[in-house]
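Peer 1: Two chains, two frames, some hints: make the complex.
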Amino acid sequence: MAQIPNLDNSPLNLKSLREQSQKDLVKILKDIRGKKCLVIEPKLGGSLSLIIQTSLLKEYGIELRHLSAEPVQTDCTKVVYLVPSQRDLMKSISSHVHDDISKGLQREYYIYFVPRREIQCERILEEEKVHHLITIGEYPLYIVPVDEDILSFELDLAYKQCQVDGDTGSLWHIAKAIHKLESTFGVIPNVRAKGKASVLVSDILDRMHTEEPMNSSDMALSEINTLILIDREVDMVTPMCSQLTYEGLLDEFLRINNGSVELDSSIMGVQQEGKKMKVPLNSSDKLFKEIRDLNFEVVVQVLRQKATSMKQDYTEMTTTNQTVSELKDFVKKLNSLPEMTRHINLAQHLSTFTSKPSFLAKLDMEHTIIEASSYDICFDYIEEMIHKQEPLVNVLRLLILFSVTNSGLPKKHFDYLRRELLHSYGFEHMATLNNLEKAGLLKKQESKSNWLTVKRALQLVVEDTDTANPNDIAYVFSGYAPLSIRLVQHAVRSGWRAMEEILKLLPGPHTETKRLGFASSPSFATLQGASNGLDKIADGRRCLVLVVFVGGVTFAEIAALRFLSAQEGMAYDLIIGTTKMVNGHSLVETFFETIG
Amino acid sequence: MANVSVAAEWQLLYNRYYRKPELYPLRWKNIDLSRNKVACAPFGGPIAVIRDDSKIVQLYSESALRKLRIFTSSGVLISDTVWKNPGGRLIGMSWTEDQTLICIVQDGTVYRYNIHAELIEPNVTLGKECFEQNVVECIFWGNGVVCLTEGGLLFCIPDFKVMRPCQLAETGTEDLPNCMAVIEPKYTVSGNVEVLVGVGDGILIVDEDGVQRVDGEAVQGPVQKMVVSWDGKYLAIFTHDGRILVTDINFKGVLLEYNCEADENLRLIQSSLPEAVEACIDAAGHEFDVSRQRTLLRAASYGQAFCSTKLDTCHCSATDNLQITFQRDRIQEMCKTLRVLNAVRDPEIGIPLSINQYKLLTPSVLIARLINAHRHLLALRISEYVGMNQEVVIMHWACSKITASLAIPDATLLEILLDKLKLCRGISYAAVAAHADKNGRRKLAAMLVEHEPRSSKQVPLLLSIGEEDTALMKATESGDTDLVYLVLFHIWQKRPPLEFFGMIQARPLPRDLFISYARCLLWFWWPSSYYGHLFDNGGQNEAFIKCYKHEFLKDFFLSTGQLQEVAFLLWKESWELGKNPMASKGSPLHGPRIKLIDKAQHLFAETKEHTFESKAAEEHAKLLRIQHELEVSTKQAIFVDSSISDTIRTCIVLGNHRAAMKVKTEFKVSEKRWYWLKVFALATIRDWEALEKFSKEKRPPIGYRPFVEACIDADEKGEALKYIPKLADLRERAEAYARIGMAKEAADAASQAKDGELLGRLKLTFAQNAAASSLFDTLRDRLSFQGVS
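Each protein sequence line maps, in turn, to chains A and B. Following full-length UniProt numbering, the numbering of the first sequence begins with 1 at its first residue and continues without gaps. Following full-length UniProt numbering, the numbering of the second sequence begins with 1 at its first residue and continues without gaps.
Just chain B, with the same shape it has in the complex (with noise of 0.2 Å):
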């Protein structure tokens, strides 16, 4: 190559030139491209070869089954399998962006393969309404692809990654597309894939809501063909007559119609040196031939001393020394980029990438890149010399190690696999772990865990290798109560009640967790395998599941002492059944309720600590019986589940006194809440004469405060003055009076009661009336005169 002028390689092609280098001579043997379908990975990715199946072709020494061989950019293989897949004829073959092969058959169906000719599961298929009519083209781009079948129906794949298919809309049109075509969801406003339809006379557009036809210059008469610009800005379409025409991706006007008529203004270069030396860093670059880099780069660094020496005998400026540090910078750079690019370019790695597609590609992706072939010294070396984190290239290392090295013991893998681990802080020791385990490495994994620092990731793994105990511990330490969750889970599932119980006795975080959990329960279906037969007989009855699963947080309370909890839960079962419609009707309601209650009450009663609960479970059966025997006697439902007081009032509003009587000797009421609820109670019915007989009957023991509130709340002033002469405190009087508007009576009160601060107070409550303000006023001043106040 080096006795050839340079310069005869590079050929005019409008106004741009171009030259076409040949690689590598591809190592392959025996592959005749006619036979096969090919599909190539951009940016020096592997190569992908099978035999066509649509094509009938003379089979030589070679045997009938195809082979899908896969292949570096230099024509090495890598690996290759045997297609035996179904679903008919492959129509479409293609790499995403992460190199996996994409393979899509007549029925629809995606098979996907890895770089090592390994079948990825599970196999997607584009639908049911695609495996009905044959998949005919298929037309692919970075990640994602749209498929046409024989009844002109059009389905997609948006994204690789995500691989959920869906139908785009239906074109109407009978005739096969003549060419298709299609713009990337990144690319277009919606944000999702529209496909070109060269249809008829035109072309339309469809997306998954809908079809829109296409007008413009461009489009006027049948399309051959049509391509996307890499940038999704524009459209080459090419005519039936034979015309290629570039439009804007709208189709706002013919941008340029192609003859070959170059363009002759070529740009003349100014040559100055430090252009000069720019221009030969970024020619080397782009050189594929190491010599030629070599000599490109010596030229560059030989012009930029000459222009450094120049500008030192000079005065230069800072702009120039600038100048000069950026250069020799950049000569460095470049120098990393191509040692970077010419390793992976060996023809024993056989990735050419252009420094373009490099910059595009990013050394990270190279490096996956790289890993994935499992080539992870290259890989180690590339990330540490470009600077970046090691941890991909380990971790991927160490799986593999982990994979390949059955034979050795697991003190001795972990000690090589620690020694590496250890370079980069943040690895995933529970990643290495998990992978350990999938290996049938358990107690690898157990010594490796140990090593993680993060509890989300270190408990799920503890768990699927067994370490209960210390995945319990470890989550609670963590304080994050939904790692807590997953291990009661899983542990809840997999051990019988007694030993589960036993395991989070002790240990409060877990047991409170549990237990706020087996308390919302009473309301969920319950699947634990190891009370299954419960259900046996108890068919789909609501009643009997709630109860049972109650039952199992009862258990937990039994084994740990605390009956009082488990009477809590009878008593509250008790409310729900008579919530429950079906329970109080037809059964006698004091039947299943009462008998949980009285039940709770013994529980509560074997503890001392509890007596007091157990006298109120015992007072609630007692109450309810009677608000029972009540509902039956007035023949009104409006007694039970109403509290003691709630009971005592409505017998006293429906004028049954006796009855009223006996619930307060019954629950010994006090006289003092008595009064109150008895006065209350006659001023909600109205009824003035009897509170009067009442507050009769003897002294109250309260006083009258209760007869002046409840008449003052009544509005009944009349009834209210009957009682505030009574008040036996006299700030009370005051304040009695001033609330029904006695003005003169309230200062009367206060006054005598030698209350100025009260009398203040007063006064701002009669603030609108002046003649009751200035009466205060007077008051307060004879008061601070007596030097009271």
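Bound conformation, chain A alone (with noise of 0.2 Å):
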């Protein structure tokens, strides 16, 4: 099975986008005549994973490298930079060129900016004195299909720039994104948003419209009919929860990587020591996509069953006489073998760390968390952690858990943990401390958190939740239901309107947006209809809601909107768009920042 999905299930034409931008890159590399070397950045590396087969680049005379700061070795004269554009990966350029040039090497040097070339990239260039030895392009990569319902930005700093540093240059890269979208698929005549950033986001796509008006005819052929954005800022509690679907829990464990995860290969079965393999996920897998949005404890009686059922017809198999046609249902069922495999071993490999005490602990810990009902407990524990000297990132997830949910912490408390994390681990955190502090996601209590209002009022705490059968998006946290989703199920069926006064306990504004002008529906009574909730359109179709998540979304998010889609009577069908696929973990280390 290749890590590129196969998008023929998507609700939208996802295809074709994929090929576009495989075409853009392989124009890219043709246009360039003769042997070169392509010097791609890793983690756009990754990214392009989902695009294109690295094999194939190989056919267009390409010796392909990872940039990093050593010089770059090869005999070709053509260099080709493929880099995301950020200024840090200037430097190794720059010095690699001066390398080059003290050794009297005479290269030729590309760098194709992603998605765009960005002056402050280029004024590095110019300050290292090399930018006019480069020819300078771009590849207008700015979505990459994830999944057939998962579109990536592929911005992983997106949330801690915003937040921190106050550089919204992601939020721009989401616009063009949606723009882009839209060109394709159709103008989308409903926008919601909430959080400052999204709001923010939905400002300038109509800006863009006003910019560049498409004509009225893409208007018509609107295949997406509602845009709901959502800032992470809105919700930090989901992300810092573990997550306990089977895919989440993956995550958190192995850490997905552009839909697939890297272990040693004795845990799959193959014994050659030491060695790593890569295991792909997602929705091409049969058996994967069954499973990867329940929750965990029910994973394992499901391929527990399935495996039972296989070693059952195998007795029949062998036992009585089997007509042809039974014995091709065998083997076609024998042909889902290697999925079943796959996923025994993973999950069992999942076990040993679910199996914990420490495991179960920290779930105790998150929920207490989440009931906010015994803040000493929570406290002590937290404090213990520091003391042991525990993971930084694990101690800071839950400590952001603790903070936001009481809307920060009194100042005696925020001060002596500060002054605890520092004394165990080091004064060169203060610069994360600082870092967490302007995000808001560890400070000081200066009003009464409303979380028990916000919890009571959107039900996110459900008890008894039944894993198996679930009846609510609870089952994904075993009892609580991410908040994130609860807005979006809410903005789906009946707009903002009807929770006003929720979302402003809530942080950021909201906006609800008509893009006027829309071709079919100019009147005040369809307007009235529409925002009343989106049910089916006129020719029976499935509506198209797209829901963003500016600063990242987690895998049992994304299930929990699997799920909600998967519900009777909802007439509309879900794809995602986030700025990178995230956890607890990989969103905390984003802040982490060492001083010096």
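If you're looking for bench data, these hints aren't it; they were derived computationally from the structure. All the pointers check out, no bait thrown in.
Below, a list of computed lysine-lysine pairs in the BS3-like style, where the Cα atoms sit at most 27 Å apart:
hint : chain 1 : residue 1 : chain 2 : residue 2
1    : A       : K129      : B       : K554
2    : A       : K180      : B       : K457
3    : A       : K438      : A       : K455
4    : B       : K693      : B       : K722
Peer 2: Here is the structure:
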């Protein structure tokens, strides 16, 4: 199974989107004649693995390298850099060029910026006095389809840059990406945004429409009915909780990267000492598609059932006389054997983590914090984690959860815990703490927390969750319904208006926009109708809602969204856009900054 | 012309009829084509004429200076200029697809002219090697050229739009070729130019990467001349023995060997009315003579009317009906096309396009050519007539208008321009404004750019006309950070620092972007002209430059009163010093590093809100001092830059309990933390005796859990058992027993705690052990029996 997902079942024609990106890349490579060395920034390389197979690139006379500080070793005279527009990378490229010059190597340099060239990068090349030696181009990759219903804008640092640095460049990028989608799939008539960054994205998008108006024929063809923009800032509780779906847990413990996990091949039953292997995880794997969004407890049961039934079939096969068609059926079933083996291996590996008392204790603590009923127990637990010098990310994750639900910590506790952190992990983490404070994730309490009100009003804690036969999204966290998805649930069903009061309790403004001039529904009557619910559009097709998470989304949240869309009486399909697939760890890590 | 038989003009050639009508009597005077080099653009384009300097000619009453003259197809002079370009003889001259005249001289310099005989800068050269050997021949195609030098080297410009010359592979033969032909890049498999070179007895195919000799029956003996067909599919070869062969471009067989026997199998045309009508319409299209066009169209119209009346009386089918409407449309369409063609064919305009050429050229290119010749009104009319976007025409008109209206005041001219510009939605006001600015009309430019809706176009222009404040505002509004950076860098370089700070201070996005950029400047060369003098005595000292770079950001924070940010920068710098091996060598470490941290601490202390940071900085400086002392006294460089907790652990691991205690007291480490640290440290060195002693020093303030955990983690059950019974919490006790596999003791503790849930969990832990499992079940049953769970 390939890492590049099969997109045949996507509610949008994402395949065409991906093919365009393939073509764009191939054109760039073809236009540079002759043999060349392609130097890709490693993270970007990961994203590209979802667009095109690297083996295909080699057909265009390419030597492939990853960008690092080390000089590029190659016999090619043409060096082509493919890099995101990031300032820090310019330093490496400049030093490569200087290194070549000092060695008397004459090379032709090209930089292709993804998704566009930016003056802040070129400026550094100028300062390094190499700009005139380099041919600069763009590779406009704004969107990477991660799976049939997930689009990633591949902006790893978006949340931190917006919240800490005040650099909103990523928001422009998101708007541009949505604008691009609209140019293919039609202008989206309804836009709902919650959170400061989301509202900004919606504003920039509107601006793009006035600057480059699309003709009205595009409007009529709109395939996406509604765009919902949610800021990660609105709900920092959910990503700090441990995800309990199968895919979520895989991500928590093994880190899913660009739709695959890398682990020791021995875990997958391949006896090659110490060798790593990549296991792709996407909807092309039918069994994975079936179980990825289930609570992990249930996954173990499902796998056991399947294995048992297969064993039964096998016994019947060997003991009774079978007709040819029965044989055929059996062989068909056997085809799913590799998938079965793969997931049994993975699940077994996961349970070595989930059965640890420390994991259970952590889950307990997360629930206690969310319940917000026993402040002291939570405080003591976190204090002890610091004293035991447990990994800093783990501590900060729980501490952020604690601070956010309490809308900050009393000054005394805030200062005490920060001091204990600096004493235990080193003063260099002052910068990290400062970042977290700027982002409002770990701060001094200034007002009473309204978490209890929000929790109650949105029914975030659901007692007696039946993870095997769930009737609510709360099953993804075994009893906690992710706040972000509750908001989407309401936004889809009845728009913001019905929940104004709750929205006001959450960070950032909210807006609801109707794109006027939309060809088929200018009248007030339809406007009213549409905002009261999406339901079906005229020809009976299911409506499509694009939910964009500004600042990242977790697999558990996506599982909850898929659960929603699969509910009876929900006449819409969902497609998810995100700055990046994240989890608590990867989010917290973006705030890490050691002084120096 | 009318009284000559129409049929008599047609001549049979092979199996086709051809005719050669005279389009215009050329209006020029005294042009002897034999004395001149001439380049005619296809598609009724202009004609360039210049006296041929490779021929010796007698000068009549004319200047010795040569003149390059450009005429329309009808011989009306468009422009001329004196040719005084250096570089030797003019070897090749040809028009490109966009009607640029390319002139190549001996030394390989390429001069370009527009149709107004204005030189287009910069001149391009074919390269050094080409310069050293004279160019002797040029072969042009639509948009490129291949040049041959005296030394037999081939140079190529594959695309005049890019103008990047390259050398082709060397043929390796000493003789100069007999003849050459070019296969255009768009027709080759590789996408590169391929040159067919007739040399010696054969033909070579040459491209950038190599040379290949051609085999095939078409190549037998020297070739005198070669021509590639317009679609790149065939090649005609004129052989040494006077035959003309046509071959497939890949030399797979001879398709045609020319002899003069005509194919007498003329197709018999069966005449039927609709076809005749079609033929009349087509013929009208191909006709240049306006009265004959009329005659033919009238005939078509008449026939078509007859068709329809005939069909009216019958039961006509749907397809017949369709055909009638189709024909009606075609006549209308043809009228329209002919109106356009006749308009441009007018001798005053002088573009004698055939209908096929017009279709190949497309209306938009024709319009572009008209604009280029400054025929705006006609261009506008045609674009309106054929229903095309008038943007290009209006734009060009507006620019020409500005150039030509030096005397008209800004406000008046603005009105004139807006009046026409508003006809066209989406037109780039910024482009017009830029043109106004280029013509020295800055105020007009400012007025125009106000109307530009696209910030990406508006902002750069605002900058170039000095409207920096507006530019910064518009860029920020757009949300496009790249535009904001554009403005930032512009102002940053042009204004003194304080003025620059003032401009961005109250604007969050530009301010934050500046800070974020300036932070990374720590690592980069900083070329601002305002600070140039600082480098004079600093020389190449890396540290100095880094220092300085932070200074700029510090200046900013100081000017805005953000002392804590300056403090953070200083703190960061202290770390930098620590990482720099040069800094710690030689000079006592605590010197410069600690000085920086002290400075930071004082700055933090200036504001009440940063007491915490101030204290932390103070502690950090103190820690460094203590760690430095420890390194001196232990002679081990393992302390500096570890945390306080790690320092304590290291001391204990080294057995230096006094030092550990000192660190504890210095930093007021709480008893809680102290116990965890010491227990873990003792477990690390497996000093179980010391651990036990420590447990008995006094009643541990956080109980015995740290002791239990440390022993279990170290896999020392025996040691753990010393402390488990002392755990006060029964549940903890149960779990601890469970962790070391003592099911019965775990069960006892759990049932004492009366925790059913815990019993269930423990049972799972012992799932493999049947005896233990049943034990938990029994205990749980007893609990639920008691009604406690």
